[in-house]
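Enquirer: Sequence:
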Amino acid sequence: MTQQTGCGIKKILIVYATAGAGHKKAAQALERRARGYSGCEVISADIVDFMPRWIKALYSDGYTLLISRFPWLWAVLYRLSDSPLLSLVNVHLRRFSDARMCGRFLRFLQQEQPDAVLSTQFLASEMAAYAKAKSLLKTKLVTVVTDYGVHNFWVNPLTDLYCCAAESTRRLLLNKGVPEKNIRVTGIPLDEKFLRGRQRSEIHESLGTRAGRFTVLIATGGIGIGPIETLVDTLGDHAQLLVVCGHNKALLEALQKKRQETLRAFGFVDNMDELMRASDLMVTKAGGLSVTEALSMGLPMIFFCLLPGQEMINARMISSLKAGLIASDIDAIRQAVLDFKEHPGMAESYRKNALRLARPQSSADIISATLS
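Heads up: the sequence shown begins at 1 in my numbering, then just goes up one per residue.
Worth double-checking, as some hints may not be accurate.
[Stated by the list, open to error] Heads up, simulated DSSO-like pairs for lysine-lysine below, C-alpha to C-alpha not over 27 angstroms straight-line: (1) Lys134 - Lys10; (2) Lys134 - Lys56; (3) Lys181 - Lys11; (4) Lys138 - Lys193; (5) Lys24 - Lys193; (6) Lys10 - Lys24; (7) Lys132 - Lys11; (8) Lys249 - Lys56; (9) Lys341 - Lys352; (10) Lys193 - Lys132; (11) Lys176 - Lys138; (12) Lys193 - Lys322.
[Stated by the list, open to error] Pair ranges (Cβ atoms, derived): (13) Leu58 - His343: 41 to 49 angstroms; (14) Gly8 - Trp72: 21 to 29 angstroms; (15) Lys11 - Pro157: 47 to 55 angstroms; (16) Ala369 - Lys138: 14 to 22 angstroms; (17) Arg53 - Ala211: 45 to 53 angstroms; (18) Val269 - Lys322: 40 to 48 angstroms; (19) Leu355 - Gln256: 30 to 38 angstroms; (20) Gly208 - Glu180: 50 to 58 angstroms.
Simulated from the structure, these hints should not be mistaken for laboratory data. Quick reminder that beta carbons are idealized off the backbone N, C-alpha and C, glycines included.
Taking the hints into account, I'd like the entire structure generated from these sequences.
Expert: Structure representation (structure tokens):
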């Protein structure tokens, strides 16, 4: 249904960065919701597209390389960049370098002059704030924090509103000096297809799987990292498996060669909502978007292969609230799967806890807060 904006905001820029899939998915959910308002122009942009080619490759591909091959280095960089002792140095160095590699994006902002900038990634927020500071842009800057933790990179004094995942996230923002009036607990943007869809039995029929069999969804992000083949071999006798390999073609081919009756392997998918709806349990990394989507489905999670930093924070928060648990190795995952399978009461408790944490109207609330 089309709604009137009822405010002075006539043009919204929704901006993200393709460093991982989550920021883009969050932006797309917001864009679809924002287009339901009449009298408001909505445009979207990937800040990475405005970088020089070599920096673009370094920014997106470098992130993938770090988290897949050198997670220890990622952990070091994360902790150093989030250190309060180094914060002042980090801020000045980062703004100096970012402004130079994102010069085209700054010119784009100056040309478009949106009434509101809605950002789902910290670099995009940083550059919009920089444009405001240099009087290149007069806009309402809304930063949507797409994790349950808050790295220092998300925080900028020229941000007008922070939309965050949970009450615990709000407290972290307060501890980092953000005024309470500038924070709104909305949840992470959720695509509305996660709120409604086909019946579970219909989905299983289309997948060629059995609706009555205990089903585990295995998904480890867009790049498909982790000991997935070993995990499939370990769980194959205990559950029906739906495995999302993302862009990892070698993994997809290896799983398809198994020709295992209880296994369905997929590449990069756009029907994660259906795969979640068809499942009893999800074994996953703890990306902010994946966690949010699973909570909306009441889908208990087992976290593994966690990235130091934001994913570990996400997993610990969900684990502490008994909507998921952290497994340290393959044997721990196997035991956790058996516990959920053999104890329906435990599974139901985790399901209810997940639904209590869900914020199904997150995208609508964020757009409403932006337009108010």
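Enquirer: All hints, please: hold or fail.
Expert: Against the structure, the hints:
1. Lys134 - Lys10: Status holds; Cα separation ~23 angstroms.
2. Lys134 - Lys56: Holds, at about 24 angstroms.
3. Lys181 - Lys11: 24 angstroms, holds
4. Lys138 - Lys193: Violated - the C-alpha atoms of lysine 193 and lysine 138 are around 34 angstroms apart, more than 27 angstroms.
5. Lys24 - Lys193: Holds. Lysine 24 to lysine 193 sits at ~16 angstroms (cutoff 27 angstroms).
6. Lys10 - Lys24: 23 angstroms, holds
7. Lys132 - Lys11: 16 angstroms, holds
8. Lys249 - Lys56: The given pair, whose Cα atoms are some 23 angstroms apart, holds under the 27 angstroms limit.
9. Lys341 - Lys352: 16 angstroms, holds
10. Lys193 - Lys132: Since the Cα atoms of lysine 193 and lysine 132 sit roughly 35 angstroms apart, the hinted pair is violated (cutoff 27 angstroms).
11. Lys176 - Lys138: Holds, at about 25 angstroms.
12. Lys193 - Lys322: Holds: lysine 193 and lysine 322 sit about 25 angstroms apart, inside 27 angstroms.
13. Leu58 - His343: 41 to 49 angstroms: 47 angstroms, holds
14. Gly8 - Trp72: 21 to 29 angstroms: Between glycine 8 and tryptophan 72, where Cβ atoms are some 49 angstroms apart, the hint is violated.
15. Lys11 - Pro157: 47 to 55 angstroms: 24 angstroms, violated
16. Ala369 - Lys138: 14 to 22 angstroms: 19 angstroms, holds
17. Arg53 - Ala211: 45 to 53 angstroms: 48 angstroms, holds
18. Val269 - Lys322: 40 to 48 angstroms: 28 angstroms, violated
19. Leu355 - Gln256: 30 to 38 angstroms: At roughly 34 angstroms between Cβ atoms, glutamine 256 and leucine 355 fall inside 30 to 38 angstroms, so the hint holds.
20. Gly208 - Glu180: 50 to 58 angstroms: Given range 50 to 58 angstroms: holds, Cβ gap about 52 angstroms.
Violated hints for the displayed structure, listed by number in ascending order: 4, 10, 14, 15 and 18.
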